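Got two chains here, each in a separate frame; can you build the complex from them with the hints?
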Amino acid sequence: MSQGGYAVVDVDDDAQNPRSDGLEFKTFLPAESSGGPRATSPTPPEVPYSPFNLAYYQTYFDVDTNLVLKRVGMAMIPRPGFIAEVCDGQIDLYGPFWSLTTLILVLYITSTLITSITQYLSSSHASSNLPLLSTAISLIYFYGLGIPALLWGSTRWLGAGEWGVAEALGLYGYAMSVYIPVSLLCLIPVGILRWILVGGGAASSGFFLVQNIYPVLAASDHPMTRLLIIAVIALHAGLGLAIKVLFFRWVS
Amino acid sequence: MSYDRIGTPSQQIIQADDDDLEALSFSHPSASGPSSSSPLPPSQPAGPSNPSGVSGRIGQSNQPRTERGWGGVRTETRYTGESTLDEPVTATIMRDLNSIYAKLLQVLYPPKGGNTQLLRDWDLWGPLVICLSLAIILSVDSPQEQSMQVFSLVISLITIGSVVVTINSKLLGGKVSFFQSLCVLGYAIAPILLASIVSLLVHNLFVRVPVSLACWAWSVWASMNFFNGTQLHEKRIMLAVYPICLFFFVLVWMIIIQ
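Taken in order, these protein sequences are the chains called A and B. Residue numbering for the first sequence follows UniProt numbering, beginning at 1 and increasing consecutively. Residue numbering for the second sequence follows UniProt numbering, beginning at 1 and increasing consecutively.
Just so you know, these hints were derived from the structure itself, not from any lab.
Covered by chain A, according to a simulated footprint, are these stretches of chain B (three or more residues, beta-carbon under 8 angstroms):
no.	stretch
1	164-177
2	226-236
Sample of chain B residues with no beta-carbon within 10 angstroms of chain A, all distances over it, derived:
no.	residue
3	Y101
4	P111
5	I130
6	L132
7	I197
8	V198
9	L200
10	N204
11	V207
12	A217
13	W221
Estimated spans, in silico, between C-beta atoms of each pair:
no.	chain 1	residue 1	chain 2	residue 2	range
14	A	S138	B	M224	26 to 34 angstroms
15	B	M224	A	I233	39 to 47 angstroms
16	A	Q211	B	V209	36 to 44 angstroms
17	B	P88	A	Y120	48 to 56 angstroms
18	A	L121	B	L213	20 to 28 angstroms
19	B	V164	A	L246	22 to 30 angstroms
20	A	L193	B	H203	31 to 39 angstroms
21	A	N66	B	S83	55 to 63 angstroms
22	A	A219	B	V164	29 to 37 angstroms
23	A	L193	B	V207	29 to 37 angstroms
Remember, predicted model here, so these are calculated numbers, not experimental data. Don't be surprised by glycine CBs; every beta carbon is placed ideally from N, CA and C.
Same shape as in the complex, but just chain B (with noise of 0.2 angstroms):
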């Protein structure tokens, strides 16, 4: 509506997803109010001298930073210690496998008080190292005639599963940002990747189901706690987590099954 002035380049904000803004303060609900997200007071704009009041996704908030303005678009480059044009291969794969590694913690056991931010960062390699996994060990495990198709059920059942559960949850009305209510979901499968190895490798029946079922239940809780930070209304967490349950509970059965 107001493209007809243009102000100096510090004004011109592009109005970010309203999804990432909105604070979803991961396993720590009580401090996820909307005041919590502590936006900048309006007069005064970000920069160096006002260091704390920026999140932004990667890296620790005390490295140097620098801001420019590329065509409005107000950006921000962070110099963290070390140029990543010229190092090895191998420090960069062990530094997105301790990023997996430290997502993978934050869902699964959430420290008290860690950096919240991290999950902020989503990706999607986890979760399809997760699933894929979780696929070849069923497959397996299955009946040699069976193993293709157990495969690609699997694969389907998650990716589809995980899926119609985070639009669920954005129909009920809570505030998730889409790609990272997926990767929360990919990861929070993790316990249920652990229990299909113990039954691959133990098949006693009264070792396998209560695995199993104890697994489900790390699963559920560590996804709940996500969702108990999306702002969902008291009475509708249950519908957001019941869906979960039975997702996750469709896998955990095919391991039981097996």
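Next up, chain A with everything else stripped away, as it sits in the complex (with noise of 0.2 angstroms):
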């Protein structure tokens, strides 16, 4: 900033000397201080627990783009053991994160190429459709970041506690991922065709959905959390349906 005059720098390059004799600064967070050795090391190490350590979510991150394209894709066949077999039971959150993502990107961007080409079509100029981008992420977000919680807390509460919030979320975002392509798709313009795409994403996933879900509300002994997966499958039906009618209702 102030390059003329005088300016107060700090040396930090001597500070790197590992001077044994002397003050030393010492940190009291967990691991912060030695988190940059750390943080290449192919595997993390056990770091204790703490919601606001950056070090401790990175064993969430500890994948490659082979890995996440792997999964991604396995996510859409639906099929049980996803987390035991396709994850080696050990889910990251990278892949779960960024599928809801471009999620609410692709189903931006289709939808007001949709409405453009119609409105460009019928030469009406209409509005803009702005409120489609904050309609996508909180519908998106609340679904993909929310229930999983929301589901998570309720089989704790319930005592069926066999998994961690991470698989929850995990599970959840890799199922979204399939209506990325279905609603690139969507943008062929057959009203039938939309809804039969937008039918079969939802059931592809929740197919995905129930198989995983199950066998950990059932391994509780408590007879109601086998009924928690009629809510799991209402509200993914109620997904399918909302991006439906919010997304892909021009038809032209």
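Following this line, the structure appears as structure tokens:
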């Protein structure tokens, strides 16, 4: 900023010297000071649980590109045992979060493109459709992040704590990834085809969710937990309907 | 752990931030090995006798400087040729604008062998100016009743988007200083600002779409240069770059569909 005059500059390069004698700065934050060298190590070490420690979450982002692509691809095939077989028991959170974000973007792009084309063909200048972006963000993030957290909380409350919240979030996020190609295909301006596509996507991802969540719920002794699967199915059907009605309602 | 001993002032060293120290060599990934950060040899205290090993944040390396210890913290002052106390305000503003311009050039068109230290002295003024201009231009271009909504949406998108992208690359194990990454991402939005200006002036769709896409590619390329220097693993570079592509594409799409 102040390149003229006197400027006080901290000399950071000598501070790297590991001087053993003398006063040293000691941090009391766990693992923050050594976060740099740890970050590049292939297997993240055990870090103490703390929701404010970034190094704790790095275990959920220990993936590479091919692994994420493979998991997203496998999630489109509704099969049980997704976490145990495809993810080797360790779910990541990169794929789920960016699947949801990509889905938001794709829904926004396709729906605005459909509206623009429709308006262009009918040569009417209606208002632009920015509210769709806010709608997509709230709908997808609420369903993809809020519902699994609620589901996990209710299973813990009912005493069936066989899974962590990361597994719930991961299952929902990967399940939603099937909507990305579906909404791209929904650019085809045939009304009945859009219903079929969105319905097929909802059925596929719903089947995926049920097959992966039901074993967790069935492992509990409490009879109420099995009924939660009905709520899961109902909410998922509601989401499919909402996507169809909100984003693909313009039929040319 | 060693609070019990107090040495001479030259031995009282505060450990600096890890992120800032590890070489963040901008746009020169080949020179970004761990050895290139060139810390001083442990036995050699820094001083005027060894000027090449010390890399400060501001100014050139051939300027006179003095060092002293203030309560155990070693600081360094440099005289850069003129006093800033009694200079006109225009000179101060022009200096800051020049600094913003130099950083913009460094991000968007990195010169070969340029001043890689320039971006360690991050600022958020340039990103703020770019973000506000983009929001204003997009809201001017949008329909009357939606302009406020567009304005707030663009501002919040840019702010939250760059924070999320930065946190994502930190979680993937990249060595990024948080605010430095925010600074670089903010400056990398500048080509998108250019695209929005072009599409404000030219309403033809066949001009607007190619220009916007080209500016999008430029922005992504500029930020990729930065993230190449963060020592991310080879297989994870795409995972860090993909969210940036998404983030910039939303902005470009908002320009295209206006």
